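Residue numbers (my numbering), protein chains in the order written: chain A, 2 to 225; chain B, 132 to 376; chain C, 15 to 275.
Just so you know, the hints here were simulated from the structure itself, not pulled from any lab data.
Since this is a predicted model, take the numbers as computed values, not measurements.
Possibly wrong hints are sitting among the right ones.
[To be verified] Cut-off 16 angstroms, straight-line C-alpha distance, at most; resulting in silico cross-link-like pairs (EDC-like, lysine to aspartate or glutamate):
#1 A:Lys70 x B:Glu286
#2 B:Lys239 x C:Asp82
#3 B:Lys239 x C:Glu199
#4 B:Lys305 x A:Asp225
#5 A:Lys74 x C:Glu114
#6 A:Lys160 x A:Asp189
#7 A:Lys70 x C:Glu41
#8 B:Lys196 x B:Glu222
#9 A:Lys89 x C:Asp82
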Amino acid sequence: MGIKQQANWSPYDNNGGTCVAIAGVDYCVIAADTRMSTGYNILTRDYSKICKLADKCLMASSGFQADVKALQKVLSARHLIYQHQHNKQMSCPAMAQLLSNTLYYKRFFPYYAFNVLGGLDNEGKGCVFTYDAVGSYERVGYSTQGSGSTLIMPVLDNKLKSPSPLLLPAKDAVTPLSESEAVDLVKDVFASAVERDIYSGDKLEIVVVKADGIRREYLEMRKD
Amino acid sequence: MNSIDATIAEKGLMSSEMGSERTLYPYVTGTSVIGIKYKDGILMAADMGGSYGSTLRYKSVERLKPIGKHSLIGASGEISDFQEILRYLDELILYDNMWDDGNSLGPKEVHNYLTRVMYNRRNKFNPLWNSLVLGGVKNGQKYLGTVSMIGVHFEDNHIATGFGNHLARPILRKEWHENLSFEDGVKLLEKCMRVLLYRDRSAVNKLQIAKITEEGVTISQPYSLKTFWGFSAFQNPTKGAEGSW
Amino acid sequence: MFRNQYDTDVTTWSPAGRLFQVEYAMEAVKQGSAAIGLRSKTHAVLASVNKANSELSSHQKKIFKIDDHIGIAIAGLTADGRVLSRYLRSECINYSFTYESPLPVGRLVVQLADKAQVCTQRSWKRPYGVGLLVAGLDESGAHLYYNCPSGNYFEYQAFAIGSRSQAAKTYLERKFETFMDSSREELIKDALFAIKETLQGEKLTNSICTVAVVGVGEPFHVMDQKTVQEVIDSLEITEERADQGAAMQEDRSPETAPMDI
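Take the sequences, apply the hints, and build the full model.
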């Protein structure tokens with residue numbers, strides 16, 4: 002009597018979404034869908050999951066939108082401070098380390114955010130960093146995170162066959178694809194993932210980072 | 132052993148939760164809020180019921196409020212928390228006006244501020260139990276956004292909280308367009324509110340519609356919608372289901 | 015050594031109602047090399063004179079970017095200037111974290127003035143020995159403010175601080191009425207003319223000055239040295255023409271007493 006029968010309040014939600022990033026010799030493709038959902042509800046069909054953190058560095062994130070936004074804001078603020086202090090843009094590998102530290106800082110009340118960071122490194126080569134929610138990360142040639150990642154990862158593995166990270170001496174992880182081949186592959190894997198993953202869909206946002214700038218492209222996808 | 136003792140005995144956690152005060156569940160709640168963009172600004176609708184669990188406890192709760200010159204807020208969820216939020220916003224706008232320097236907070240700024248407030252409270256495990264809709268117009272820019280009690284937020288052309296997300300948004304997705312006139316916007320909102328009235332058991336037939344344009348905020352007097360309950364299936368609801376239980 | 019017995023402590027009044035330590039801090043502003051600022055409806059320009067301490071050293075940085083919409087030029091203790099610019103930057107970052115919009119310039123200036131004022135009322139503190147020209151853009155247009163160690167602040171159409179700034183002020187006073195409708199390029203030229211006035215005949219080159227601009231559609235940035243030299247060259251040509259007319263009016267009135275505290 003008098004005891005409320007109610008599910009415990011949770012500070013987390015999963016707002017779904019899928020992110021993919023592919024690194025090439027002189028480019029990086031970062032892509033994510035624009036659906037934001039909660040449970041079986043779609044909250045909005047047009048919410049960008051890709052955040053530009055520096056000139057040559059973008060982050061695509063899925064998970065809990067409020068945490069993702071907080072994370073993006075922290076990184077943007079830290080990047081502003083970096084620019085004031087160093088008079089230059091942060092490099093992608095530096096941002097990768099900062100992201101890891103920022104995630105681990107909240108190790109015991111984590112950001113529920115699953116990120117891929119893509120851009121160009123100091124040599125102008127494409128780079129992709131992939132994370133878990135508490136900050137462990139790795140530089141790879143391609144990666145996917147979020148609700149559709151289980152459907153996409155094996156396809157990327159099959160198509161891109163990156164050299165084993167166990168090889169000695171280490172081999173470059175960048176993919177051999179041309180830029181347009183990589184963009185087409187991204188479109189294909191998303192079109193497929195969206196067939197089965199209800200948390201992704203509506204629209205695909207593709208960003209291509211190259212030395213001479215950033216290009217954006219959109220593709221309509223299933224809305225059911 | 133009374134029920135509180137039983138609770139403490141049951142959950143070690145509860146003892147600390149009894150000491151500090153935080154919202155574990157809402158008491159008096161308001162149901163859906165709907166907001167849409169239209170030609171000249173933003174329209175919002177909400178009914179005036181305040182539910183105490185399944186009891187209709189209050190019937191004249193104002194859930195649409197103007198915030199400063201350029202913004203309008205609508206709230207569903209815990210009414211007391213909403214009124215606390217209004218106090219925060221009153222202070223925010225007061226301090227903003229005190230500068231008297233020709234700068235002012237627009238709907239985007241207020242929405243962002245609210246998002247930070249909601250998210251900070253969830254970080255302290257002490258949420259403000261609301262879904263808020265924020266609309267406004269400033270410098271010819273229309274703005275419509277929402278934020279939930281855990282800080283999830285977004286902008287859209289039309290927004291509905293709670294039950295409205297299930298029942299009203301499909302209608303809005305089908306019928307909303309950029310150039311809705313004021314009259315058509317109100318009609319669309321009333322259509323949504325009528326569906327909610329029929330199907331949401333905590334909705335009441337006493338609602339307000341608010342409008343915000345470059346000229347400012349106007350909130351309608353409470354009024355009710357025409358309903359029709361005369362369907363034959365309603366006359367004898369158990370007919371056709373005889374013997375089911 | 016001491017001017018009198020009332021200047022050993024910031025918080026001690028003189029019988030005449032003055033705070034000498036605060037006035038000394040204001041003097042520090044005049045020791046620094048000159049900085050000037052001016053604005054139109056849409057743009058604000060800052061310029062500073064770079065003086066190296068020795069032949070062997072480089073000059074100190076006197077213009078700082080605070081945010082995309084605000085920048086400062088300083089005169090006085092550069093070290094104090096850097097501390098204050100760090101404060102201003104963090105205030106801007108905090109504001110845009112909460113509201114995702116830029117902090118109005120006038121509000122930042124008041125916060126800065128309040129911070130400086132505290133140092134004039136605490137026995138264990140020292141006033142900042144730096145004057146700041148704050149230039150920025152917000153929804154009410156471009157602004158230029160002067161913040162001084164006393165905690166006072168003023169809004170200006172155009173202003174100059176630092177050593178020999180009186181000459182620049184005289185130039186600006188003569189011309190400020192046209193500034194409101196000036197183009198960005200005209201503002202930059204006037205800034206350089208004003209800087210030239212402070213040099214007392216020394217040749218104006220890009221190595222001796224820094225110019226920064228902020229305006230509608232143009233985030234605050236320090237102009238690159240090459241562009242500055244191009245403008246300097248262009249204004250020498252126009253100047254030669256002017257010289258053939260009337261002789262340049264010289265106004266070298268001695269520095270006036272400290273500004274109101």
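Each hint tested on the structure:
no.	hint	verdict
1	A:Lys70 x B:Glu286	holds, 14 angstroms
2	B:Lys239 x C:Asp82	violated, 19 angstroms
3	B:Lys239 x C:Glu199	violated, 34 angstroms
4	B:Lys305 x A:Asp225	holds, 14 angstroms
5	A:Lys74 x C:Glu114	holds, 10 angstroms
6	A:Lys160 x A:Asp189	holds, 11 angstroms
7	A:Lys70 x C:Glu41	violated, 47 angstroms
8	B:Lys196 x B:Glu222	holds, 14 angstroms
9	A:Lys89 x C:Asp82	holds, 14 angstroms
Against the hints set out earlier in the document, violations occur for numbers 2, 3 and 7.
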